[in-house]
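With the hints as extra help, turn the sequences into a complete structure.
Each chain, written out:
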Amino acid sequence: MSSPNSAYPDTPETQTKPKRHEWPLWEVFIRGQHGMSHRHVGSLHAADEEMAIKNARDVYTRRNEGVSIWVVEARHIAASSPSEKGPLYEPSESKVYRHPTFFDIPDEVGAM
Amino acid sequence: MAEVDQAQLFEFLCRMGDNTLVLGHWVSEWCGHAPVLEEDIALANTALDLIGQTQMWLGLAAEVEGKGRSADDLAMLRDVWDFRNVLLVEQPNGDFGQTMMRQFLFDAWHLEMLGALAGSSHDQIAAIAAKSVKEVQYHVERSGDTVVGLGDGTSESHSRMQKALNLLWPYVGEMFAADAVDNAVAAAGIAPDPAALRETYDARVGAVLAEATLSVPEDGFAHKGGKSGFQHSEHLGHLLTQMQWLQRAYPGASW
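Those protein sequences? They're chains A and B, same order as listed. The UniProt record's numbering applies: residue 1 is where the first sequence begins, and numbers increase by one. The UniProt record's numbering applies: residue 1 is where the second sequence begins, and numbers increase by one.
The set of hints was computed from the structure by calculation and includes no laboratory data. We put the CB at the ideal spot given by N, CA and C, even for glycine. Any given hint could turn out to be false.
[Stated by the list, open to error] Reference excerpt, derived from the structure (chain B facing chain A, CB under 8 Å, subset only):
1. 36
2. 38
3. 45
4. 47
5. 148
6. 149
Here it is, written out as structure tokens:
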């Protein structure tokens, strides 16, 4: 919404602007008040991991969403390739017997 | 313990509330303008914390005054000479570095002050302080980290931070200089003697500034006149015209 130097109005705009160095990208995981596990909530930029946690606190927990924060630099996440989704996932589509829905679960067990 | 004069208690509460109000307003002006999105949200959060604390301090001040005024009346309908904030918090935002230096120099005092007030003999003051001190603990961590990051950063950021420190350091002394109001609330066990907070403040601020490779100016001169209302700087008037214009132009306007 504003030029890179808008925070420094007294700095003259020069013809050759220095390259804008971005901080690394971090993925943020928050464990909610009642959640058992951390869930991915989004990403943000920060210079280091401490700053990433502080930024996550300000960006993602300001409405009392969480009790624990994990951050991991995005480059450390290994991901499956979308182009391989055929061989990776389609074979399981036809194997309904892998779902444990053929058992009667006694009421005494409660919620599973 | 000495009974406190209610007029002096009112003065003291206005000092606490006006500090957070004036600083909160300045910080809120960064909303949408901070150098990066994450800082933008963090600054907005800080501003909202400070305005929230203002509601509590000025709310209690209005109650103590007992003239039927509300926190909003005190915030929006007083003029410069009735404000009791320290001069430090009314200094303008400047660049981002100057804003963060001002924030850190205030936060470090604010933390010590609220920590002491949490043990106040006045129950409502103790409760407000106990709630606020958790917010301020985070403020000072964040502003301190930024002072270190920028001070010990590039030569450009370092020189801006040193410039900001040179500019703002003469406003630090006022926070620790006791006057009749401070002495009265201290005698009643309501608030600490401001001078007693200086040692811890100097230790914390000194450590952060050393890590930030910044040098504290040696001149011990300290401006004064803000918290007594004797002589505010011109910046406060400009801030109030921005902050108060809506209530002035449309009296009683509300959401």
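Checked hints:
Checking residue 36 (chain B) against chain A by beta carbon gives a least distance of about 6 Å; that is within 8 Å, so the hint holds. At its closest, the beta carbon of residue 38 (chain B) sits 4 Å from a beta carbon of chain A; the interface hint therefore holds under the 8 Å criterion. Of the supplied interface hints, the one on residue 45 (chain B) holds, with its beta-carbon coming within about 5 Å of a beta-carbon of chain A, less than 8 Å. With a cut of 8 Å, the hint placing residue 47 (chain B) at the interface with chain A is violated, because the nearest CB-to-CB distance is about 12 Å.
Annotation: interface hint on residue 148 (chain B) violated; nearest CB of chain A at approximately 11 Å, more than 8 Å. With 8 Å as the threshold, the beta carbon of residue 149 (chain B) comes within range of chain A, its nearest partner Cβ sitting at about 7 Å, so the hint holds.
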